[in-house]
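Protein sequences, first through last, are from chains A and B.
Everything in the first sequence is counted per the working numbering, starting at 1 for the first residue and increasing by one.
Everything in the second sequence is counted per the working numbering, starting at 1 for the first residue and increasing by one.
These are computed hints drawn from the structure, not numbers from a lab.
Errors might be hidden in some of the hints.
Partial list, derived from the structure: chain B residues whose beta carbon lies under 10 Å from chain A [unchecked claim]:
no. : residue
1   : Val12
2   : Tyr35
3   : Val89
Every value quoted in this text rests on a predicted model; they were computed, and no experiment measured them.
All C-beta atoms in this analysis are idealised placements derived from N, C-alpha and C, irrespective of residue type, glycine included.
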Amino acid sequence: QKEVEQNSGPLSVPEGAIASLNCTYSDRGSQSFFWYRQYSGKSPELIMSIYSNGDKEDGRFTAQLNKASQYVSLLIRDSQPSDSATYLCAVNKGGANSKLTFGKGITLSVRP
Amino acid sequence: DAGVIQSPRHEVTEMGQEVTLRCKPISGHNSLFWYRQTMMRGLELLIYFNNNVPIDDSGMPEDRFSAKMPNASFSTLKIQPSEPRDSAVYFCASSFPDQPQHFGDGTRLSIL
Numbered sequence: 001q002k003e004v005e006q007n008s009g010p011l012s013v014p015e016g017a018i019a020s021l022n023c024t025y026s027d028r029g030s031q032s033f034f035w036y037r038q039y040s041g042k043s044p045e046l047i048m049s050i051y052s053n054g055d056k057e058d059g060r061f062t063a064q065l066n067k068a069s070q071y072v073s074l075l076i077r078d079s080q081p082s083d084s085a086t087y088l089c090a091v092n093k094g095g096a097n098s099k100l101t102f103g104k105g106i107t108l109s110v111r112p
Numbered sequence: 001d002a003g004v005i006q007s008p009r010h011e012v013t014e015m016g017q018e019v020t021l022r023c024k025p026i027s028g029h030n031s032l033f034w035y036r037q038t039m040m041r042g043l044e045l046l047i048y049f050n051n052n053v054p055i056d057d058s059g060m061p062e063d064r065f066s067a068k069m070p071n072a073s074f075s076t077l078k079i080q081p082s083e084p085r086d087s088a089v090y091f092c093a094s095s096f097p098d099q100p101q102h103f104g105d106g107t108r109l110s111i112l
């Protein structure tokens, strides 16, 4: 099993719809969870972080974490064409010498 | 605030040549990470440093790859000799421990 797995894409949604991006992870000891957005030819950019079970909202973005199910998701409400990008899920085990493990990403396309 | 600064932005060189990639982390960050990104393998962690000390280099593909961090504001990733399969985008990222990582713009490396 891969350490961080994202469902295969690409994902295409119409403008204004809700885009749902999912991620599972294998290490139950994981402490911190992040979503990065990467536009084509650009570097990954942090858009959301979540550390405890439940939902965390920031504007049109909502991150959801369920540690029991080892599942983290990102919802994008009122999707815009500018949201078209690759979204990377990243998981950190925590601790003094921790590191991020990234999923392979899912490409989202928002159709005007 | 200056972000993570990488140089060069693009590098094209012939197989067998030595390649040196450079990174200046965000001032104050004491963790530094080198990643490689390809379409096939996604974003892979090569090596990371805490307080200038290499912590985990298990992602370094071969002895041809080496990385140094002589001080808190500078790191290099060297490939010698380079091979066509090393062609990728190489990212440097920095952070405080257990905090989200911030990425540089990357170096797009092409080995002919």
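A quick look at each hint next to the structure:
no. : hint  : result
1   : Val12 : violated (16 Å)
2   : Tyr35 : holds (8 Å)
3   : Val89 : holds (9 Å)
Checked against the numbered hints given earlier, the structure breaks only hint 1 and satisfies all the rest.
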